[in-house]
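Line by line, the protein sequences give chains W and G.
Residues in the first sequence are numbered consecutively from 1, following the numbering used here.
Residues in the second sequence are numbered consecutively from 1, following the numbering used here.
If you are wondering where the hints come from, they were derived from the structure by calculation, not from laboratory data.
Treat the hints with care, since some could be wrong.
[As the list claims (entries may be wrong)] Computed from the model, here is a short list of chain W residues facing chain G with C-beta under 7 Å:
1. Cys-18
2. Ala-20
3. Asn-47
4. Leu-53
5. Ala-58
6. Ala-60
7. Ala-73
8. Pro-77
9. Asp-84
10. Leu-299
[Said to hold, decoys possible] The list that follows gives simulated cross-link-like pairs (lysine-lysine, DSBU-like), each with its CA atoms no further than 30 Å apart:
11. Lys-75(W) - Lys-163(G)
12. Lys-316(G) - Lys-241(G)
13. Lys-376(W) - Lys-121(G)
14. Lys-52(W) - Lys-23(G)
15. Lys-121(G) - Lys-325(W)
16. Lys-316(G) - Lys-343(W)
17. Lys-328(W) - Lys-122(G)
18. Lys-241(G) - Lys-75(W)
19. Lys-241(G) - Lys-98(G)
20. Lys-98(G) - Lys-52(W)
21. Lys-343(W) - Lys-121(G)
22. Lys-98(G) - Lys-343(W)
23. Lys-376(W) - Lys-98(G)
24. Lys-75(W) - Lys-158(G)
25. Lys-376(W) - Lys-357(G)
[To be verified] Selected chain W positions facing chain G (Cβ under 8 Å, derived; list incomplete):
26. Thr-16
27. Phe-17
28. Gln-22
29. Ala-23
30. Gly-40
31. Leu-59
Bear in mind the structure is a predicted one, so any value in this text is a computation, not a measurement.
Every residue, glycine too, gets a C-beta built ideally from N, C-alpha and C.
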Amino acid sequence: MDKTLSELRTATLECTFCGACQATCPVYAEIGSDPSCSRGRLFQLRNMADGKLPRNAALAKSLTRCTLCMICAAKCPAGINTTDLFLQFRKLVADDVPLPALKRLAFASLSSKRLFEFLLSSGSLFQGLFLRKAERGPGYFPRLPLAAAGLNKRRLLPALAKRPLRRRAAEKNTPTGKARARVIFFPGCMLHYVYPEAGKSLINVLLANQVEVLMPQELSCCGTPVFTSGDFSTAKILARNNIKTLAAIEADAIVTGCATCGTALMHEYGLVLGDDPAREQWETLKGKVRDFSEFLTSLGPLEPASPILRTVTYHDPCHLVRGMKVAKEPRALIRGLPGVEFKEMADADRCCGCAGTFSAQYYDLAAAINDHKIQKARATGADLLVTGCSACRMHIADGFTRNETPMETLHTAELIAQAYACRELP
Amino acid sequence: METTQIIAAVGAIVGTHNIVTEKEELICYQYNAGPRAQSEFMPLLAAQPETVEQVSQILRFASEHGIPVFPRAQASGLSENTRIDMEGVIILSMSKFKTIEIDQETLTATVGPGAVTADIKKAAAEFGLFYPPDPASFTYSTIGGNVCTDAGGLQCVKYGTTKHYVAGLQVVLASGEVIRTGGKCIKDVTGYNMTQLFTGSEGTLGVITEIILKLIPLPEGKKAMMVMFDEINNAATAISKIMVSGVVPSIMEFMDNFFIRAVEEVTHSGFPTDAACMLLIEVDGPLSTLDAQVNKIKEVCNRLGAVEIRVANTEKEAEEIWNARRLSLNALSRKAKSRLSGDPAAPINRLPDCMKKLQELEQKYGIIITTYGHAGDGNMHPCFLFNSPEERSKAVAARNEFYEFVISIGGTASAEHGVGREKIKYMLQQFGKPQLDLMVGIKKVFDPKNILNPGCIFGEYING
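This is chain G alone, in the form it adopts within the complex (with noise of 0.2 Å):
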């Protein structure tokens, strides 16, 4: 088919004002988020559906002229997940999908895909309910992203991820028919649960146009605390111990010396430079359990030999802290020219094995590795840097070395990313054969043309 007779098919459904097809505008979706290079694709058009029948006609047209089709809101996503891999795509861009209700009586909220996660708490607290997964981005980053990809982020620790709180779905399949799934009961056990399946597929199962969200009333109160350590293994060790310790801090947050001074350096926050890592820990609760919760966890980290301990006392200073470790990806920026990082996790207990092999590889490659993450549930942001092509190869002999690694103790490639276009040749060394198999099925089931973000997760395994 003609591209002209595709923009205007797409068009024609979308209206003129929410289609963009010059080449100077489409452009503009040749990148994607993190360091990687613009894609050598352009896409035949970008539209941006207001209605759940423009996107179920959109994938219609696709499905019949096997057009593939691209859908993304925010495109924050740091796997590659939306990144154009080949000729000839429809971007399907959600940003018109914005609402948010928040319905009181059942404690949920019904969000558009487009919405930004940030807005969507924000909504929830003014009627005293709680939001709570808080991916880094979650100030600009979209709920159809973040339920895309399963997005974790600081309070997972306490609170879980994305799919704790994804209780239904409004999705358009492939075909062009609209299914919902899921719904406000609490309790749900007929059939499937379909629900759990779109969460985390990336946008290659099927368009999410609504979602319903789980709301559970806001914690009273909070208080943050920063852990010095002089040795890595201490704290790696400490993470485990305060994890069994009766206290569930709603955040652990791990930084290593070289993390440290980069953020310091933009933020000025008052992070100690001179410490070799540094755990950030808030806990919440009644007000009246705070002190005792903050107690049992400087107990803990004094036995592993904590050289400084440092409770916020307001709570600007607390969050002057977490706005510090948000920013901690961009400040790291400015210390290499580029970088490959990832976001594997471990069973806890298993984080000291990991720190070490970290180390390990550091020195046999000769690169600067740098690390922090949201230890308390096992999840690291190991950091390669690089600033030459040699230094490059290194980095992704290293990156693949600890992957490696990691599955092999029982870890994960992917934490809160997702797949995306990335971490595909993770897919065999930790599923096996068997289980790919069964996924790529399921993929067919759903999408049989394969157009819906093709190359996504499984790259040429969908072609055996």
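If we strip away everything but chain W, and leave its shape as in the complex, we get (with noise of 0.2 Å):
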């Protein structure tokens, strides 16, 4: 046994198996079999390792079925991190078993920034062909179930920008008059391709709050959806990039305006790196990364003027709430908007069923407990749902669409900029 399985072994032991973790799962909540949770899980886990369990398909399956959502990490009474143990057992994992073709493909495009650049870019020219409109909502239905780019047949997407966030927003941001701090915006693939209008009017606020923010061009994608699906060599190029150009800036804070890429730099780049060189200069830099709503109240916004005549909820995505600790900043920012009135909906930190991959994978599962977060939305009788996770939107809205509810959403840095009337239009 090896010294990395011997130690994950050992981890897996200190489950008690009361099953704590079935009573929170979502995935567990539709599908009610133990092996679709993570008591389960980590049994099949502690088996593998003991060599009772082939590292095959089957497991590689289990290891999937799963949305990371860290709510049983949270509420286990043993105090097990499910999450990063799942993520280094999928690294395992994917070592026997190979990822689907098109993943591989897809991961291989993301190493190469400019290939990526060039495919996400021009795919809003290409989309047609591989969408279809959507009769209702706004965006499209994928005409091929691209699953290793997060689509599926069904499900409604927003349309890839026109013009990517690099497009609308400059490397250097600078705000008239005496800056009251410096920034380097991590923007992410879903802000700068797919809602670049959300990252531009995140962009925006922070200007309107005297804040210079910096977009350095040579960022790439954060990692995430490579290194869930256990692809760590592709994930570690990616990760020692973003920490060499976010070094080589003096600035006050690294702001992300996606949890998801919050949370794989704060946190899970310590996991990919493992002992990499870069791990050193990681540790100087992960302390700086701050959520944008974070980043704003502790900053001490300014006021807007803009009154906003709009019945709001609030959904925490779970990379922000258990990733990233931040609930209270975006619900004081909204409450404090002139004019909004705030509906906490129930279970707001409950995960939304999407996942990134997960969601393309499983799709039916992944609407299943989408359609606990719809109901639940609605039940507030809001109008607009707000989020901080691109990915948490983008299969709400489908949700919304699907359940025929006529709700919008929209980026919290998105209502926020209509109050300083500063918000960008898709």
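Hints given; two lone chains; assemble the complex.
Okay, here's the thing in structure tokens:
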């Protein structure tokens, strides 16, 4: 048994099989079988480490049928960090069970930033070929099941932006007057290519608050879809590039507008890098990573002037509430906007079911999980759902369309931008 | 019958999406809650029926072919209640039966066995109603398991155990026939009390598919306190004196020094690590009565030499105490490789004798025995810690001696976890042969082919 496997096995032994994870797990709530939740999975992994179960496709499936929402880790009485553990096991199993060809291709293009950039930017030109326009709601239904890219035939996807964020915002964005702070903005793929207007709105809000915003061209994908699929070596390339880019610039904070990127930069790079030489530099950077809402709150937002007469509810992205431990700040910011009526939804911190490639691989399951979110959102009577993760937003918007719910979805920054009269339109 | 035929038959009943048949997945049914070894047996399949009709069809099929059925939901039981101990069994998971309906007019809740107990409490509270039983696992254990083991918890001292709230059941018998027992009537003495017979039967008499629970109005307020003693004996005496003082606490928990330190290390709740032992007490009721209740308890404890009394000032402070208490077993698992524990109970006036006995056993066997428990109702959780095979055999001997002692002074082997497969050896001593024969006879009437959770409660006694 190699050292890593033996260490991982020891971690699984902490489980007392109490079943607390089952009572919280969104996947278990739909499937109801023991292997669909952490308790069963930890037991499988223990048996795998003991050589009683082969590292085969069945085990790989068990490991991927999890949204990595971290709720079981938060509630585990034995304090097991299930999420980190499963990520490391995904890596081990991926070594033996190859990823699907499409995923491999997509990940290869990710590590070549230029190719990825080309594919996604030119994607908007070709999307009519692959996507059919939705009859209701803003976006497209894919014509081909491009599972690797997080697509699925039946899911409503936002159109890829005609102009990605890079063509809407400069590398250096300077406020008029004296800057209160200087930050690097890490946009990530979703704010860059899918919702660039949200990314631009975020920059605009920071500018309106006298913050200088840098967005270096060299930043790449954070690597989450890659390492959550077990491909740590591609993720390492991306991590090293991002760390090098971020370390080269003096700034007060590294601001993210996507909780998934934030959690990766803050915590998961530690797992990805292992004892890689880039780790030392990362250790000096990770403490500077702040979600946009947290940064703005600690800075003290200037008073916004434009009233927004809307009833708003908020969804906690797993990576924001549990990954970055940010929950109060976005709520306080939203409540503070003139004219906004805020309605808290039940189970706001329950996973929406998206979880990136999970929702492509298990669309029906992801949709069933999502339906609970839609019901709870609708019950608030709000006409707008705001959240801090673009993947959640995409999945929830899909859920609204599927459930014929006339509610809009926005990034927190877009709503706030509206109050500063600086919202970027699509 | 071939395994493939059984899989096909059950799959046809529940649908392929509700059946688990692959080895990689079935292995997940070989564990059980608590520090016990993996079962050496692999079930044939796990089925998750969604309707009563499906449960009925599965049991009819299993009866016809003599296939053992292990009904379960969360499987968080602590007495090996659903541990597989034979080949060729069907796991019957009730996880899809999780409806919760509150009926304000009759003060009842109608729930599925797979509903999590905390969710029932929450649903009742929305109507200002209260479902009191609170096993330490209530945030994740399901009501089906609670009913099947007559689960207790912290608040039993005042409110009683699960059985006091079970008013009616829908049960599928081994034959596949469906019956209803009890109902929403407050008074009901027509015929034998079948509801209570199924309650605590650990899935050996039938499969529960619906439960009607009694609810009571939510108490207006509550107040928690910690009382520290430097003599275990004084604390044990205080417990029975409080109970006859005219105040009935809603919770009265006991922790010895070793336990206090284990919990404090994990939770940092401000527990007093230098006290010999501690009582955690809560009173509830109309707001105007709380201070008087607290004062009465203070008076009794001071008379018995309490060294310190702390009253929680806010609900939040109180909740921290109870959360720390609920995490105690997990905290303990860090202190030794493994442990034997249990849930015996004695009449409350004999608690001082029990504590003395445990101290003697600790000396005699040279192992660590640490105790916590729901002292107010006489229910203890002594834990016999071990780190080696030698220590394990000492722990086994010490535990056996303690159980024998408890039973000899009018106590019981299991107060709230059930017999399961863990406490079968104490059944004969506690009941004597005539009563044990009677119980086995009842089991045979309900389940003539012994297909329902066979091996549970009776083990080999079932064969005479």
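Is Lys-376(W) close enough to Lys-357(G), meaning Cα to Cα at most 30 Å? violated, 55 Å
Measure nothing beyond the straight line between the CA atoms of Lys-121(G) and Lys-325(W); if it is 30 Å or shorter, mark the hint as holding. Holds - the C-alpha atoms of Lys-325(W) and Lys-121(G) are around 28 Å apart, at most 30 Å.
Closer than 8 Å between Cβ atoms is the bar; does Ala-23(W) clear it against chain G? Give me holds or violated. holds, 4 Å
Just to be careful, I want the Cα atoms of Lys-75(W) and Lys-158(G) compared with a cutoff of 30 Å; is the pair within it? This hinted pair holds, its Cα atoms lying about 29 Å apart.
Taking 8 Å as the limit, does the beta-carbon of Thr-16(W) come near enough to a beta-carbon in chain G? holds, 6 Å
Hinted pair Lys-376(W) and Lys-98(G), Cα distance within 30 Å: Roughly 18 Å separates the two Cα atoms, so the pair holds.
For the pair supplied as a hint, Lys-316(G) and Lys-343(W), confirm whether the alpha-carbon distance does not exceed 30 Å. holds, 24 Å
Is the shortest C-beta separation between Leu-59(W) and chain G less than 8 Å? It holds, given that the least Cβ distance between Leu-59(W) and chain G is near 6 Å, below 8 Å.
Report holds or violated for the interface hint on Asn-47(W), using the least CB-CB distance to chain G and a cut-off of 7 Å. holds, 6 Å
Hint check: Lys-75(W) vs Lys-163(G), CA-CA at most 30 Å. Holds or violated? Roughly 28 Å separates the two Cα atoms, so the pair holds.
Please work out if Lys-98(G) and Lys-52(W) have their alpha carbons no farther apart than 30 Å. Measuring from Cα to Cα gives roughly 34 Å; hence the hint is violated.
Check whether the Cα positions of Lys-241(G) and Lys-98(G) lie no farther apart than 30 Å. violated, 42 Å
Consistency with the previously given hints fails for numbers 6, 7, 9, 10, 18, 19, 20, 25, ordered from lowest to highest.
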